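If you read the sequences in order, they're chains Y and U.
Everything in the first sequence is counted per our numbering, starting at 186 for the first residue and increasing by one.
Everything in the second sequence is counted per our numbering, starting at 26 for the first residue and increasing by one.
Any given hint could be a false lead.
[Unchecked claim] If the Cβ cut is set under 10 Å, some of the chain Y residues that face chain U in the computed set are:
#: 1; residue: K199
#: 2; residue: G234
#: 3; residue: V327
#: 4; residue: S332
#: 5; residue: G333
Source of the hints: derived by calculation from the structure; they are not laboratory data.
The model shown is predicted, which means the values in this text are computed figures rather than measured ones.
We put the beta carbon where it would ideally sit given N, CA and C, even for glycine.
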Amino acid sequence: MLEIRNLHARIGDKEILKGIDLDIKPGEVHAVMGPNGAGKSTLSAVLTGRPDYEVTEGTILYKGQDLLAMTPEERAWAGLFLSFQYPIEIPGVTITAFMKAAVNAKRKAQGQAEMKAGDFLRLMKEKMALVQMKPEFAKREVNVGFSGGEKKRNEIFQMALLEPDLSILDETDSGLDVDALKIVADGVNTLRSPQKSAIIITHYHKLLEYVQPDVVHVLKAGRIVKTGGRELIEAIESKGFDQF
Amino acid sequence: MGHGHYIAPPAGQYLVKAGEKLELQFVVLPGESRDIELSIDLTGPGAEAHVKALYLCKADEKVNFHVVMHHKAAGCKSTQLINGIAGGQAQVHFDGTIVVAPDAQQTEAYQENHNIVLTPEAKVETKPQLEIYADDVKCSHGATVGQLNPDELFYMRSRGIPEAEARMLQMLSFLSPVIPEGREEEIEQAIKTL
Numbered sequence: 186m187l188e189i190r191n192l193h194a195r196i197g198d199k200e201i202l203k204g205i206d207l208d209i210k211p212g213e214v215h216a217v218m219g220p221n222g223a224g225k226s227t228l229s230a231v232l233t234g235r236p237d238y239e240v241t242e243g244t245i246l247y248k249g250q251d252l253l254a255m256t257p258e259e260r261a262w263a264g265l266f267l268s269f270q271y272p273i274e275i276p277g278v279t280i281t282a283f284m285k286a287a288v289n290a291k292r293k294a295q296g297q298a299e300m301k302a303g304d305f306l307r308l309m310k311e312k313m314a315l316v317q318m319k320p321e322f323a324k325r326e327v328n329v330g331f332s333g334g335e336k337k338r339n340e341i342f343q344m345a346l347l348e349p350d351l352s353i354l355d356e357t358d359s360g361l362d363v364d365a366l367k368i369v370a371d372g373v374n375t376l377r378s379p380q381k382s383a384i385i386i387t388h389y390h391k392l393l394e395y396v397q398p399d400v401v402h403v404l405k406a407g408r409i410v411k412t413g414g415r416e417l418i419e420a421i422e423s424k425g426f427d428q429f
Numbered sequence: 026m027g028h029g030h031y032i033a034p035p036a037g038q039y040l041v042k043a044g045e046k047l048e049l050q051f052v053v054l055p056g057e058s059r060d061i062e063l064s065i066d067l068t069g070p071g072a073e074a075h076v077k078a079l080y081l082c083k084a085d086e087k088v089n090f091h092v093v094m095h096h097k098a099a100g101c102k103s104t105q106l107i108n109g110i111a112g113g114q115a116q117v118h119f120d121g122t123i124v125v126a127p128d129a130q131q132t133e134a135y136q137e138n139h140n141i142v143l144t145p146e147a148k149v150e151t152k153p154q155l156e157i158y159a160d161d162v163k164c165s166h167g168a169t170v171g172q173l174n175p176d177e178l179f180y181m182r183s184r185g186i187p188e189a190e191a192r193m194l195q196m197l198s199f200l201s202p203v204i205p206e207g208r209e210e211e212i213e214q215a216i217k218t219l
């Protein structure tokens with residue numbers, strides 16, 4: 186699914202990623218844990234093609250394709266999805282208009298006809314129910330006036346609707362209370378399948394109690410310093426990141 | 026009037042008497058330069074005036090929008106909402122004044138002028154002004170000149186919306202409060218030429 190080799194990236198003249206290697210197979214859920222400033226969000230930015238970040242060295246293959254040569258929208262069409270740490274507000278654009286444009290752009294890219302309006306609304310309703318979003322949110326402007334928890338649920342709703350093959354959850358658990366965390370986790374778990382993979386980026390163990398990863402990586406100062414199983418989560422919880 | 030790219034009542038001076046309501050809508054599409062001079066006097070109690078305008082300009086086009094909203098009587102209400110997008114080397118100048126006369130108590134007057142510039146060469150100047158001589162009034166004005174928000178753009182692209190379509194969504198949502206009903210399609214086509 187994903188092969189990262191010797192990835193170096195910077196923002197401005199500050200090098201943040203200093204040689205990342207990562208392999209993710211279909212069906213696997215990987216956790217990337219690390220202290221603030223380790224480069225976790227830079228990794229997700231580079232994977233999704235955020236314009237301000239520059240890759241200076243290394244390669245990323247996604248489903249055998251050169252990911253770095255693809256535009257952000259092409260990556261989305263190929264099944265990549267990022268749940269944003271800080272979801273963006275888009276005044277004047279409703280969730281329905283936003284997601285309709287997203288779904289139909291992907292269908293167009295794959296040579297399919299646009300979805301019928303009725304079918305789309307039914308699908309939206311079904312996916313919103315998955316994260317307990319009230320139906321009236323369909324008419325709300327994207328993230329405008331949403332609480333922190335509502336924004337994160339909106340991200341998982343979009344993920345459910347777009348059915349990505351590789352999902353990146355960037356600090357999706359930050360700022361969530363226990364109830365919202367459980368709703369989000371249930372949503373993510375529902376979407377797990379032997380074909381679909383995910384990267385869960387977090388500096389905290391809480392979400393990982395609900396969404397159990399297959400592999401855990403520790404990211405520190407731009408490098409993966411340790412890779413293991415779920416036992417690493419406990420080790421981090423009891424002794425912090427200094428031990429690595 | 027009578028020009029393909031421009032809809033509007035004639036610019037000039039309007040008197041709005043007691044209890045009357047004036048509604049004006051201006052649309053300036055790419056392909057021409059325009060000077061719009063507008064002077065509106067609210068002369069009798071309870072008079073209302075509402076002005077909406079949008080302009081889209083490109084190349085070396087110039088749009089000048091000059092409006093004086095004069096509240097001369099008590100209990101009158103006025104709103105102005107004027108939004109535009111400038112590309113190319115276009116030049117936009119907005120100059121809007123709200124005057125509230127000493128006798129015009131219980132006035133409500135609002136003015137907004139918002140602009141997006143698409144290129145470093147496009148220039149927008151906006152000068153909203155208030156001259157208030159009465160004390161019991163609700164007045165506000167606001168003016169902005171900005172660019173399309175790059176964070177919004179990336180968010181939309183990350184969901185699979187192509188860049189051109191994402192920019193279109195941003196521009197349409199920015200203009201939506203001033204697009205006349207039923208003309209969305211035409212405005213969308215005009216934006217594509219910017």
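Going down the list of hints, with the structure as the test:
no., hint, verdict
1, K199, "19 Å, violated"
2, G234, "8 Å, holds"
3, V327, "8 Å, holds"
4, S332, "18 Å, violated"
5, G333, "17 Å, violated"
Taken one by one, the earlier hints fail for this structure at numbers 1, 4, 5, listed in ascending order.
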